[in-house]
Every structure is written in C-alpha cells, then in structure tokens.
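Colleague: Spelled out, the chains give:
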Amino acid sequence: MRPVNAATLFTPPEAAYATFGEAAPARNRVRFLAVGLFAMLLLLAGRAVQLAFAGDPLAEPRPVAVAATTRADIVDRNGVLLVTTVRAYALTATPSRVWNGEETADALHRIFPELDRAATVRRLGDTSRQLVYLRRSLSEEDRANVHALGLAGIGFEAEDRRIYPQGAMAGHTLGFTDVDLNPLAGVERGLDRQIREAGAAGRAVRLSLDVRMQYALETELDASARAAGASSAAGILLDARTGEALALASWPRFDPNDAGAASDNSRRDHVAGDVHELGSTIKPFTVAMALQEEVTTSGELFVVSQPFELDGTIIQDHEPIAGITSLRDILARSSNIGAARLALRLGGARQRAYLERLGLTQATRLELGFNEAPLAPHARGRRDVAGLGFGYGLAATPAALAGAYTVFANRGALVAPTLIARAPDAEVERTQVFTPEVTRQVLAYMRAAVVDGTGRAADVPGLAVAGKTGTAEKLGEESVYDDSRNFSSFAGVFPAHDPRYVIVVALDDTGEGAAGGMVAAPVVARTLRRIAPMLGLRVEPGAPAR
Amino acid sequence: MDKALLRRGAYAVAALIIVALVIGLYKAKTDAARTEAHVRQLQRQIEESEADMRALRAEIAAQESPARIEALAENHLGVVVGSAGAALPENAIEQRLPAPRAPEASE
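Chains as they are written, first to last, in our numbering: chain A, 1 to 546; chain B, 547 to 653.
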C-alpha cells in the first residue's frame, strides 16, 4: 500500500476518487499474493499430511550397508576356507572402577594363567588411565568365563580376529597377522592390498593351493624329515603350465592361530625364505646349456673315471663311472666331473646368462611376505664356473629351483610360480630359455635318472617321473664343506611323456650318506602316489606303496 | 462484515494448516527416527549373523580338514592312506630297488 501523506489528505474529492481508482490494482496484487501464499501453505500442508500418514520416506528401498570386514577370507583353489575373520573380544579394565586390583588379578589369572599377575595388578591400579587393555583376541567362551566372575570395572570390547581353520596346514604360506590385523608374514602380508580390497568388496581371495595336495605333501615331508633327522625341510608342487603352486610345504610346521608360541625356526618359511647351495639338481640345466650352445651333442662320449684337477681343487664323483660314458649317464649317474667339464666349455658369461634367465639369480616373486634373494656371486674363475656346473657357488630357494624346472614342462619356456589361482583362459607369461628339442633331450636323461639312476626311489609305476637328485654338502666351521651335513633334494617333472607338474622336495642338514636319492626321492614317490588321482593321473594299481 | 468473517475464516484455516504442519512434521520426524533405529538394529543383526556365519564356516572348514577326515577314515572305516609307515625304509632302497644296470648308480 502507498503511504498516506498530507497531500493525499487535502486532495479534492475528484482527485481522491482518482487515487482510489489507482489503489484498486494494488489491492488486487495483495490479494494475488495472499492467494499464492495460501496455496503454497496448502501444498506444504498436504505434503506434510502425506508424509505423516500416507507414506514413510525411509521405508523406500535403499541400499543396506552390509558390514564388510577389513580383511577378506582366503580360500584354496576349490573354495575351501583357509583364513577368515571372526568376532573376538578384548578384555578391558576401567581402573577407577576396580574395587580390589589384587583380587581381580587373581581371578583373571585363574582363567588366563599366562597373564602376568604383577603387571595386571599394576595396570589395574593405574587410575590415571581411563581404560587399559588386559588381553586381546579372546573367544566367546573366554568372555563368558570372565563375565561369570562378575568383576567390577572389567569389560570387553568387540574386535576382529583372524583364524586359520586348517590349523598348521599351509601355515607358512598363509602367514599371520597381529592382534590389530596388521599382516606380518605369508600371503597375509604378500597379498595385503588385495586382501583388503577384496574384503571391502565382500569377496574372498582365491589361492592356487589345493588343501588335499597340501596335506599329502606336508604329511610325507613331516614323516621323512623326522626320520632323517633334518633341521628343516621344504616341498613345492607346481602346475608348470600356469605357474600355480598347488602345494607349498615347509617343515617344521607351526600353527598360525598361535604364531607367538612357535619358535623362530618353526615360523621360518623354508620354501621361499631360505637359500641353499642346490647341488646336483642344477645339472640338468648345465646339460641343457651345453646342448643349447652346441658345445656338446647327445652322441658325444666322455671319460670321467679319473678325478679332475682344476686350479688346485680336485673335482671327483662320489662313485666314479668307469670307462666311457654318455651325456645321458653323466646326468643319470650324477657325474660332477662331467658337469664341470660341460660348464667349462660353456664359460662363465654364457652360464651366468642362462642362470639369470632361469630366475636363479633373483628372488622369486611368490606372493609371500618375504622371498629370500639368492646368493649368486659372479664366477671369478674356472673353478667357480665348474662348481656352478654341479650346483655349488649358487644358493637359491627351493621355490626358485621349482620355478626353473618349469622349463622342462613348457618346451623350454620358464613360467614364474604364483600363489594366486588363475582363470582358465588367463594369459601366462613365458620366457623361452631352451629350445623344445634340447628340453626333450634333457627330459629323457632326467627320466633315465629316475628309471636307473640316482633317483630310483622317486619312481611311481605308471606315472613316469623325470627328475634329478641333489646332495650338497653344507659349509661347516671355517667355511669348509662338511660331508656329514647335507642338503638333500629331488627336483622333477611328471608325467615325463607330457610333463605338466613340477615337484621339488628338499631336506636340510641330513646326516652323512643321506643323499637326495635316499631321503628326498622317496618323499616324492609317496606324495605323488597320494595326489596323482587328484590330478587326474593314473598310477599302476598293483604297485607297492612306498 | 463479510470481509471480517472472511478474514477470520482465513485466520482459522491458516492456524489449522500450521497445526497440521507442526503435527505432520513431528510425526514424520518421529517415524524417521524410529525407522532409522530399526535400520540400525537390522544392520547390527546382519553383522551378528555374518559373524556367526563366518564362525560356522570356519568350524565347517576345520571339521572337513583332510587331517580330521583321514583320522576318521582310519578309525571308523579302516581305510589307511599310503603313509610313511607303509613306505620302503631308507636303508632298504638299495636292496629292494636295485639299479637295473651295473655298476650301481651313485649320487
């Protein structure tokens, strides 16, 4: 409305009528505004009534936030659960509310004998702190037991805990976490990022392991390591075509559910975390290098009956081979002299290049928390080159050796081992090291080593294992090789007519005379006998169990 | 008079609308809070159920572990897996598995 002023008050009637005539549109505008506001209020009221009585906006479908654990489950290639996260409880105390610290500590000590009583009393009396943690990762049963005590000031906080339902099986491979679920070892650490991502996405991480094969390998390795008095042992079974590790066994075993109770040696992974001079299991590569570089032929004959002196060092065979011998017998009967001569023909540079391409001079890339790097110094003279030819002067892990043996199952191409299950159509990276012809030739020699050579105990009738034994003396005090302490191993592929799988078994610190053919090869035979049906391979039914 | 009546009527309607608005808003907020609490409770139940399921899956995996199955098979069915006990003793390998050719193979 326009303001009324003096001019308006003293306006003559005609003029006043004119002013009233002008006010009519203004009143209309006010009415329109009022009607508009009223309509808006009606709309709001209607919507409010609708919301209040007719519909529930929160009842509309909305994505439910399903609680995702921070770490994913880990399963084997067949979906068998290996690691999961379960609910656990942390035992807490509010010191200001604890009536009697000593009595409370005594009561708790009866349930948890490993609880340090003096430290508990001290912590319960520390009233400067609002909350103290007394124990972590308790089970529901522990919680119920403590609740039953009715202790004042004692409470619980819910938390997550990793558990390993298979117990000690594959403990080294799976690894473990601390109470805060920080990864400390194994794939828990090696695949930490993937495990967290999978956990956030609500899916599991699938490993290439097969618990059935893992169990068979571990059981046989355990029995043999105990019988041989070994200080440690390792076994690995690979699908060489894809590089997938089907079983990865380390001995002594430990239970990751109680990793803190295990000794350092038990917790140590001897498959990828421990390096050794490999001994004669290197010889198939020496022969393959020599054939590949055409410094010998399959028809060449050798005389290796006499010890071989090289720069003041005598190279000799454990049991001399009399007369003339062939390349086949050099490998089948594990002649150090023959392998040394072939290595010398090759020369240090070419030998090194092959060892590098075989992955024996770098740490493996298995998805574990720790892969030990090999000790692979460059050969400094002819003696070193000769020694490398029969497995001395290069210390690598059994995992690296298994990776190198994939060349015998892939027509000369190397496939890196992995612990992650691959999709059937996944592309596999291959590095050609030897030609298929050379590989086939060496494979025949390796088969001879099992049929009538040092690896006879690895033979499984019907399965056609091809491989090589290794017995490396260990360095003793004053860096002198000690023939009473051996690293005994067997590395091979099967079935020999169309190899697909690689198996390596190694026992450390076996006694004098405990050669690879005596202690490691039988483990291979017994393991393969058990797992062959799982791989769809047939063994002769009537053959005796060994 | 009509105008005054109209105005009073308008005031009454406006007051009713405001009251309806206040009541409606209160009810909507109360229902929303109740529903939210219900959703939170359901989420807690889901978490509890998932935790129980994980614990049960772990228990199943432990019950189905090869070691336990093997022990049960041996104890109840008499099925014996080829084991170290059935293996050739190490000191008998040379005697039982002699090299087919002379001289005897060496390491």
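What the hints contain is simulated information worked out from the structure, not anything from laboratory work.
Every residue, glycine too, gets a C-beta built ideally from N, C-alpha and C.
Treat the hints with caution; some may be incorrect.
With beta-carbon atoms standing in for the labels, derived distance ranges [unchecked claim]:
(1) A444(A) x L618(B): 39 to 45 Å
(2) V565(B) x G155(A): 44 to 50 Å
(3) V565(B) x E140(A): 38 to 44 Å
(4) T94(A) x I615(B): 45 to 51 Å
Colleague: All the hints need checking, so say for each whether the structure fits it.
Modeller: Okay, the hints, checked on the actual structure:
1. For A444(A) and L618(B), the Cβ-Cβ distance of about 44 Å falls inside the hinted range of 39 to 45 Å, so the restraint holds.
2. Under the hint 44 to 50 Å, the C-beta atoms of V565(B) and G155(A), about 48 Å apart, fit the expected range.
3. Against the hinted window of 38 to 44 Å, the Cβ-Cβ separation of V565(B) and E140(A) comes to about 53 Å, which falls outside the hint.
4. Hint check: T94(A) to I615(B), Cβ distance near 47 Å, so the stated range 45 to 51 Å holds.
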